[in-house]
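J.: Position chain B relative to chain A; hints supplied.
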Amino acid sequence: NAGVTQTPKFQVLKTGQSMTLQCAQDMNHNSMYWYRQDPGMGLRLIYYSASEGTTDKGEVPNGYNVSRLNKREFSLRLESAAPSQTSVYFCASSPGLVAETQYFGPGTRLLVL
Amino acid sequence: AQKITQTQPGMFVQEKEAVTLDCTYDTSDPSYGLFWYKQPSSGEMIFLIYQGSYDQQNATEGRYSLNFQKARKSANLVISASQLGDSAMYFCAMRGHTGGFKTIFGAGTRLFVKA
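Those protein sequences? They're chains A and B, same order as listed.
This note's numbering puts the first residue of the first sequence at 1, with every later residue one more than the last.
This note's numbering puts the first residue of the second sequence at 1, with every later residue one more than the last.
Among the hints, erroneous ones may be present.
Unchecked claim - Heads up, simulated DSS-like pairs for lysine-lysine below, C-alpha to C-alpha not over 30 Å straight-line:
(1) B/K102 with A/K9
(2) B/K73 with B/K3
(3) A/K71 with A/K57
(4) A/K71 with B/K102
(5) B/K70 with B/K102
(6) B/K73 with A/K57
(7) B/K102 with B/K73
(8) B/K114 with B/K16
(9) A/K57 with A/K9
(10) A/K57 with A/K14
(11) B/K3 with A/K57
(12) B/K102 with A/K57
(13) B/K16 with B/K73
(14) B/K70 with B/K3
(15) B/K70 with B/K16
Quick caveat, the hints were computed from the structure, so don't treat them as lab data.
Model, not experiment: these values are computed from the prediction.
Pulled out of the complex, with its shape left as it was, chain A reads as follows (with noise of 0.2 Å):
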């Protein structure tokens, strides 16, 4: 059972470099979202895609960008990289927008130097 699958686990980037990344899911889920967490705060949503072909806006969609690229991808790419975007991405599906639960992947921890 793959579930929410990231790639990758870690990388380490210099200021204004740019990378994406990926997320998957094969739960056949119709709602995506990209989170960050930060030490000693809870995650914050980045975007969110609440159905193949939607993208909106989260809380911290600053310096990212995203793409449904169908209903199973879900992928977060940095422009131009900032020491501010240091952080532990997380990527999260669910049912739908209003399900009880996301499933969430192991995360990608980002570097920027």
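T.: Chain B in isolation, oriented as in the chain A frame:
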């Protein structure tokens, strides 16, 4: 605006005892959902329990129960018979209807279970 508050940065509990982790929330939505997640030191987020705002009874899942007091806007997690494996970070979260069903998380409570 929606808000989740967890006022206990850290808690200690003796193994086999019960512990309550506090969570208060603020929302103007008439309908909303409340969640608790566990994050062990390995980092993954594990769903524990869900309570809908219109549910008549408090949610229970095994050793976890949610003490939902709607008038007080509190949704405390009760863990009965604590185990060493319960040592982890615990997050309370809420999803309202306003603003597109976004889920917001509290800052978390770190629970330490002592042998």
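J.: Against this structure, judge whether each hint is valid.
T.: Consistency of the hints with the structure:
1. As the CA atoms of B/K102 and A/K9 are separated by approximately 25 Å, the hinted pair is consistent with the 30 Å bound.
2. For a cut-off of 30 Å, the pair hint linking B/K73 to B/K3 stands: about 11 Å separates their Cα positions.
3. Between A/K71 and A/K57 the CA atoms are separated by roughly 18 Å; this keeps the pair inside 30 Å, and the hint holds.
4. Restraint check for A/K71 and B/K102: satisfied, since their Cα atoms lie roughly 19 Å apart, inside the 30 Å limit.
5. Our distance criterion of 30 Å between C-alpha atoms is met by B/K70 and B/K102, whose separation comes to about 20 Å.
6. Pair hint B/K73 plus A/K57 holds up; C-alpha atoms about 27 Å apart against a cutoff of 30 Å.
7. For the hint linking B/K102 to B/K73, the alpha-carbon distance of about 18 Å falls within 30 Å, and the restraint holds.
8. Distance restraint check for B/K114 and B/K16: the Cα-Cα separation of roughly 9 Å lies within the 30 Å cut-off, and the hinted pair is therefore satisfied.
9. With a C-alpha separation of about 24 Å, the suggested pairing of A/K57 with A/K9 holds against the 30 Å cut-off.
10. Restraint check for A/K57 and A/K14: the C-alpha separation of about 25 Å stays at or below 30 Å, so the hint holds.
11. Pair hint B/K3 plus A/K57 holds up; C-alpha atoms about 18 Å apart against a cutoff of 30 Å.
12. In summary, the hint linking B/K102 to A/K57 is supported, as the alpha carbons are separated by about 10 Å, within the 30 Å threshold.
13. Taken as a hint, the B/K16 and B/K73 pair is honoured in the structure, with Cα atoms around 29 Å apart against an allowance of 30 Å.
14. For the suggested pair B/K70 and B/K3, the alpha carbons sit about 15 Å apart, so the restraint of at most 30 Å is met.
15. Between B/K70 and B/K16, the direct Cα distance comes to roughly 29 Å. Compliance with the 30 Å bound is thereby established for this hinted pair.
Going through the hint list in order, the structure satisfies each hint without exception.
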